[in-house]
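Undergrad: Just so you know, the protein sequences line up as chains P and Z, in that order. Each residue of the first sequence is one higher than the last, beginning at 1 in our numbering. Each residue of the second sequence is one higher than the last, beginning at 257 in our numbering.
By construction, these hints were calculated from the structure, which means they are not laboratory data. Watch out, some of these pointers could steer you wrong.
[Stated by the list, open to error] In silico DSS-like pairs for lysine-lysine, Cα to Cα no more than 25 angstroms straight-line:
1. K173(P) to K208(P)
2. K43(P) to K533(Z)
3. K512(Z) to K112(P)
4. K958(Z) to K989(Z)
5. K814(Z) to K83(P)
6. K512(Z) to K242(P)
7. K533(Z) to K112(P)
All values derive from a computational prediction rather than experimental measurement.
Okay, here's what each chain looks like letter by letter:
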Amino acid sequence: MFTRREFCKALIIALGFAGISTISANKASAFGDRNHFHFAQLKYKGGNWNPYRTGPEELLKKLKRETSVEPALKRVYLESTDKNLFLYPFLFVTGREEFDPWPEEGVLQLRKYLNYGGFMLVDDAGTQEGHGFDKSFRREVQRIFPNQQLKKLSKDHVVYQTFYLVRSVGGKKMVKPYLEGIDVGDLTPLIYSQNDLGGAWEKDNLGKWVYQVQPGGELQRDWAFRLGINIFMYAVTVNYKKDQIHIPFIMQRKGA
Amino acid sequence: MSTLLQQLTGQYNTIDIQFSHLDKPWLIFLIGVLLVGALILSWLSLRRLSSHGRKILIFSLRVLAAMSLFLLFLSPTLQLQERTKEKGELAVLVDNSLSMFVKGIAEDKTRLSKYKEYFNIYLELWNELNEDFRLSYFTFSDHLKSELANPLAKEIVPALDRTDFIKILTGLQDKFKDSPLRGLILVTEGAGQEDLSSLKSLIERFPVPIYSFGLGKLDTYKDLQISDVLADEFGFVNHPYIIKAKIKTSGFKGEKISVHLKESEQIIMAKNLLVDKEKGEYTLEFELRPEKTGEFSYIISIPAYPQETDLENNQRNFTTQIVKDKTRVLLLCGSPTWDYRFLRRTIKQNPNMELIAFTILRTPFNVIDVPQEELSLIRFPADQLFTTELKNFDLIIFDNFNFQPYFPINYLENIRKAVMEDGKGFAMIGGELSFLGGGYANTPIEEILPVQLDRKEGNFEPGEFPMRLTDEGKRHPITLLGEDAQQTESLWAQLPPLFGFNLLLKGKPTAQVLGINPFRKNQFGPRVMLAVQSVGRGRSLALALDSSWMWNFLMVQKTGDNSLYHRFWQQAIRWLIKSPDLRLIRLSSDLKKYPLGEKVKITIKTFHEDYSPASNPELKLKLRTPGNKIFVPREVIPSKIPGLSELELALPELGAYTLEAEYMKGEKTEGKDAITLEAIEARPDLQDIESNWDLLRLMAEKTGGKYTDISIERGKPNMPLNKEGIFKIVNQKDFPLHRSLVPYLIIVTLLAFEWAIRKWSGLP
């Protein structure tokens, strides 16, 4: 028969093993699925860097259901100076309000990150053109790419055809019916939406949509998800859909 | 004055005076200002003196003393010199390159003999010139050779070198840099000069007049010359390859000339040229469409025509390398991943590669609630790719790709045949959908893979690990990232660790294992991460991981440099497609063209299949001559350097030779290589015999000389020259006056007189 002391000892040991194996499993799965799609999100000072609790995860579920991509379903949170940044070639940046300037070391790291294969999706949840998040983010883009401006992506940009043929660009709102981006060579490693995509994706604990989407309603929400999936596909497949073999099919489907 | 001086001194005929401190004008100015200041003060101090005459006298003495002092400060030196007057130099240059010995049409006279005839009419010219100048005689081609006597008055031997006026004029300036060259008499036809633009800028700076002479209408010859052949060093199989032949003609106006393109003495193409000028230059174009790769030797030639002055320049040989077109790579990816993203960019960025990529964006298990028309997805064209199109690819890569949902197993047999029978390359990159996870056990793919699949332990294991090179990996061309094994090992150690790998049983006996996981072992040793093998006529590669992209992106973070990743994949692809520069035997020579009679040195490098040097290789050699005969060179000398042998050859006749080498191991051919060499005429000057009177005219005009066309101007050559000689100091004696007592005595005397008159005048 165990004494109380022996029981407690055994319990502690058992809990210890359980903890270790859990950690190991997490580490193993975290490390082992390094080639899986990880949704990394940028943390920064000031403002509200994480306005949505579930939105991105809803998109990841849709990505897993509808495409061959195997995403990790939990987000990873990183700062711009994080030494693990380059383990996650996809980075999501969002917010509603103005935020503090990113540290210089972080700006340099992000510049290298975007110039050499990383991708950044930026989503303005504030939807206030020239104010709040938009104002601060444009300031930071100037620091990362001092010689470039955000440019409107043309209608035939490959991001609009990487998976779905996206004909409408909107989120929770339709502030701008287009995406903006920064080009590096023939790629666009930074894409910016001012329409609050995350707001269109967000669900509550009961699985209901949190926000109404205006002006296009549920159809616009559907486009927001499609656009999100396309952006993910673009980050991984880049200009794949511009390969010659795809062009006749895409032209035909577009009705050209 | 000089005569008087000479009589007085018995030797010197010139007086000169030199001063010091002339290089410090500020000092001279300062001293001058001080002295002038002192003199002004001195004049003012004489106001009290009523006698104007005495005032002037005292002041004059002071001025003289000040001037003497000033002169003394300048340390004057009196120089007595014996000078002689010398004549100016005149250089006479006679071209004795082979082109000067070309005979005219239907005559026995060479160009040189026509010049001699002309100058022999005016023999007194040389005596007249001798009176005012010192004549120096030279013959020249690409260098100057001093002659004791006038070359125009004696027999001279032809030089084999090409005429080079740049070297000649530069050499002449060097020779006469300390002597007064007054002019240059140039006897040449101006042929053979290359790099005319450099020559023109030299002529513009030439310091003395050039008097040049041209034969004009007296220069008669008939000649057809292949002056140049313009063709790329490389051509591509099944692509047009253009050869441009430049032809110079002289004396064939109105005739139709046949121009041939030959390969190994066989005419493969012929074109006709209608000559419409007395002297002209034409370009003919030949277009080939090569069907095989390799090094090929061609000849552009014109048959000999009657009365042609020179037949040696009727042909030119050249060689070209015909290579495969772009490497066509088929990349199949089972799911969009970062590994695919970075590999795709690497291949796309190589302009020598054409990538056809298919990525499975949706599997049969995915659910999409939209009509097909709203998707950009296309059907995976497996039927087309693995039947009719397969032969068009040089390399097939399966990247984390499970074939089973998309095409039947017999398409894998097509891939196996393509590799083993057609020599294609195949690579499998790991992931959960590769190797065992892709259903490749017991398939034709497993047959060609360099590894055996582990059917017991499962397919894919997570975990962090570095890939370490084996000894073979440290020298294999795929993984050799540094200059040598040591540097390669050091570079690989810098690469970041990876995550997740496929469980493979072991490398096959015929394979080379290049990379291992040092942290995981089985009964055969550390788990294989990277293995390669030659299989049938092709090659295959297995990379048991799906995170090589980290060698790119994480290295950027660490060092800012992702070139090791790029290099690894470029080298892997080149090895898989059997790029010529990765052959197991490589021939090279120090030159491509050799003058006839010169020994040719060939270097032979041989490697084992793992690319370690292979010494004392068994070689089969064959030398094919221009006449299509075959010789077997025997004297291969092994060098002290492992894997290196040397061979010396003599090329007995003009033309192109091909040396073929086969590297044997028993009955098996390990590799082949071939090299083309050319034996050329050791008389470069006769390759261009066309006279260039315009050049001679330019030389005369730009230097202030004169060009004489002796076919028109038959009178005595008119050469206005600067006859002024120069004086040379033969002897000199110096008298430094500032070291003598006399100037000091003069100053003291002047000052003493001044003092005396001042005292006599009642001044202090």
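Undergrad: In ascending order, which of the hints set out earlier in this document are inconsistent with the structure?
TA: The structure breaks hints 2, 3, 4, 6 and 7; every other hint is satisfied.
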